[in-house]
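*Asks:* In the order they appear, the protein sequences are chains A and B.
Under the working numbering, the first sequence has 53 at position 53, and the numbering climbs by one with no breaks.
In the working numbering, each residue carries its 1-based index in the second sequence increased by 1000.
Incorrect hints may appear among the rest.
Label-pair ranges, simulated between beta-carbon atoms [to be verified]:
1) B:Ala-1099 / A:Gly-164: 34 to 42 Å
2) A:Gln-267 / B:Gln-1056: 20 to 28 Å
3) A:Arg-152 / B:Gly-1214: 27 to 35 Å
4) A:Ser-153 / B:Leu-1095: 34 to 42 Å
5) A:Arg-152 / B:Ala-1099: 48 to 56 Å
6) A:Ser-65 / B:Leu-1098: 37 to 45 Å
7) B:Ala-1099 / A:Ile-85: 51 to 59 Å
8) A:Glu-268 / B:Arg-1048: 37 to 45 Å
9) A:Ser-105 / B:Leu-1098: 56 to 64 Å
10) A:Asn-73 / B:Trp-1105: 38 to 46 Å
11) B:Gly-1214 / A:Arg-211: 31 to 39 Å
Just a sample of chain A residues kept apart from chain B, beta carbon distances all over 12 Å, derived [claimed, not checked]:
12) Ala-104
13) Pro-151
14) Gly-154
15) Gly-164
Derived from the structure by calculation, the hints contain no laboratory data.
Glycine included, every Cβ here is placed at the ideal spot set by N, Cα and C.
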Amino acid sequence: MQRVWIVSLMCLLAMFAGGNGGSAQTSREARKSADQQSGQNAGRTLKQNPTGAPGTEDSTIGIVSSEMRFGGNVVKGAPYSAEAITENVQVLKDGTRLTTKATASLYRDGEGRMRREQEFSAIGPFATAGEPVRMIFISDPIARAIYRLDPRSGAAIKTAFNSGPSPANPNAPASATRKIEALGKRMIEGVEAEGMRSTLTIPAGQIGNDRPIEIVSEKWYSRELKIIVLSKHSDPRLGENTYRVINIKRDEPEAALFRVPADYRIQEGNFVPGPGYHSPARPRKPDGF
Amino acid sequence: MFNRRKDHEQEDRFNRTIQEMLHEARMSEAEIDGIAGASDLYERVQARIAAKQDAQRVAGSDRHGPARLRSFFLSEWLGSRPWPRLVFAVTFATLLLLALAIPRWLRTTPNAPQQVAILPQPSPTQTAFTGEDRTGRIAEANPDKQTALLRAAASGGSKRVTGRRNRAAEEIVTDFIPLTWVTEATAMDSGQVMRVRVPRTMLHSIGVATNAAGADEFVLADLVVSDDGLARAIRLVN
Chain A
1 MQRVWIVSLM CLLAMFAGGN GGSAQTSREA RKSADQQSGQ NAGRTLKQNP
51 TGAPGTEDST IGIVSSEMRF GGNVVKGAPY SAEAITENVQ VLKDGTRLTT
101 KATASLYRDG EGRMRREQEF SAIGPFATAG EPVRMIFISD PIARAIYRLD
151 PRSGAAIKTA FNSGPSPANP NAPASATRKI EALGKRMIEG VEAEGMRSTL
201 TIPAGQIGND RPIEIVSEKW YSRELKIIVL SKHSDPRLGE NTYRVINIKR
251 DEPEAALFRV PADYRIQEGN FVPGPGYHSP ARPRKPDGF
Chain B
1001 MFNRRKDHEQ EDRFNRTIQE MLHEARMSEA EIDGIAGASD LYERVQARIA
1051 AKQDAQRVAG SDRHGPARLR SFFLSEWLGS RPWPRLVFAV TFATLLLLAL
1101 AIPRWLRTTP NAPQQVAILP QPSPTQTAFT GEDRTGRIAE ANPDKQTALL
1151 RAAASGGSKR VTGRRNRAAE EIVTDFIPLT WVTEATAMDS GQVMRVRVPR
1201 TMLHSIGVAT NAAGADEFVL ADLVVSDDGL ARAIRLVN
């Protein structure tokens, strides 16, 4: 009887200790694992450009994963394949010019399925220090699923199809003045595109600025393909971001591009919206678009 | 003393049980003596006991290491020696309590304070390229975010559990902080949210300052990146 009591007591204590210490250990291991991941993936780290502030040290950010995709209209009957180039140019106070570049391959079939192969060599002003991270997204509105393929691990993360808005509210402060102007039509990469420019002006003193800040965005939209073929965004704080779609081909891409390869293992993934998830009304298309 | 009393109790119980069995069997004393006095009874009982012990030994040898160890631990070691048993239990319990108490004590010990603070408003002479300027933007644009950041990024603070199905870990996430603004007319409405590890030094450059002690540490964050490559917003995780 005494033995039973002792054994029970030990089991109870061991369970309590295991449960309590386990969680701490888990978080510690997760942190360690993430740190190791950052270290091991030195080639996948992004190097932040000096923002021009004197004494600012270089630092890196590492891509952990892609959590979710948002937006994107389902367009049927307009297949294409193309390449997209994103370039960010930032000019520092001393005149130094910093340029980052990222590329992507785009495919869309007649049913509206999308495939996006993206090399994250830069996110905005944060440039690649090593090898770019390659991500492949297959968006299948028919199956109501989005797959993120990871060529390194052979995993296909499946999430629910989401054509909702961006989780971050893009709207500028109410105090900012907006000016929108039509730029007419022009041919870009063999397709006709309509241009629109918006200028956001943040008044002086609004955000600590001693003079007005102008953020200029320009978008060239193809009605035929229903995609943006050229966009420019100029913000004095981040530099100038240019997005161009080139080598547009109107053929139907191979069907296999929109299927998860057989050697990939499909895993369920989900995104935690959190308290900061904004669900504003879907941005409406500007007049004339 | 406790063991001696226990032995007496067991002996009494055994005698009572024997008496009850004899009563139920309705056997006379002579019959019982006859059976007990049989010449080969002792040898037969000894043989059966030996066979049973052999069978147990064979079964025990088939067990793997942990099972054998457990068997020895429970039956041989703990079962035969009361004092080591007590000492072991007390030592084990003490070690467990220490193992429980030390991590808690470390967690509550104020080491390097980990907190996120919004930088003060810049002076009017600062240019638009400095991090302070961005901070000012954030602070001015949405004062609620300051509170959210301070509350959420402070270590050991109240946690908001936002985990679902696959994400068992508790996550603290702040509101999204805009990095730039676009108008609805020119915004690209597709993109993705990327989980990144951001050094605190970078947080400083986008307007979220941390204490210098943890400058070399990484912080998890979610970046909203539209398909045109524009980093639109960031939020801190944990």
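*Asks:* Now tell me, hint by hint, if it's right for this structure.
*Replies:* Hint by hint, here is what the structure shows:
| no. | hint | verdict |
| --- | --- | --- |
| 1 | B:Ala-1099 / A:Gly-164: 34 to 42 Å | violated (47 Å) |
| 2 | A:Gln-267 / B:Gln-1056: 20 to 28 Å | violated (48 Å) |
| 3 | A:Arg-152 / B:Gly-1214: 27 to 35 Å | holds (30 Å) |
| 4 | A:Ser-153 / B:Leu-1095: 34 to 42 Å | holds (40 Å) |
| 5 | A:Arg-152 / B:Ala-1099: 48 to 56 Å | violated (38 Å) |
| 6 | A:Ser-65 / B:Leu-1098: 37 to 45 Å | holds (38 Å) |
| 7 | B:Ala-1099 / A:Ile-85: 51 to 59 Å | holds (56 Å) |
| 8 | A:Glu-268 / B:Arg-1048: 37 to 45 Å | violated (60 Å) |
| 9 | A:Ser-105 / B:Leu-1098: 56 to 64 Å | holds (58 Å) |
| 10 | A:Asn-73 / B:Trp-1105: 38 to 46 Å | violated (56 Å) |
| 11 | B:Gly-1214 / A:Arg-211: 31 to 39 Å | holds (34 Å) |
| 12 | Ala-104 | violated (8 Å) |
| 13 | Pro-151 | holds (17 Å) |
| 14 | Gly-154 | holds (18 Å) |
| 15 | Gly-164 | violated (10 Å) |
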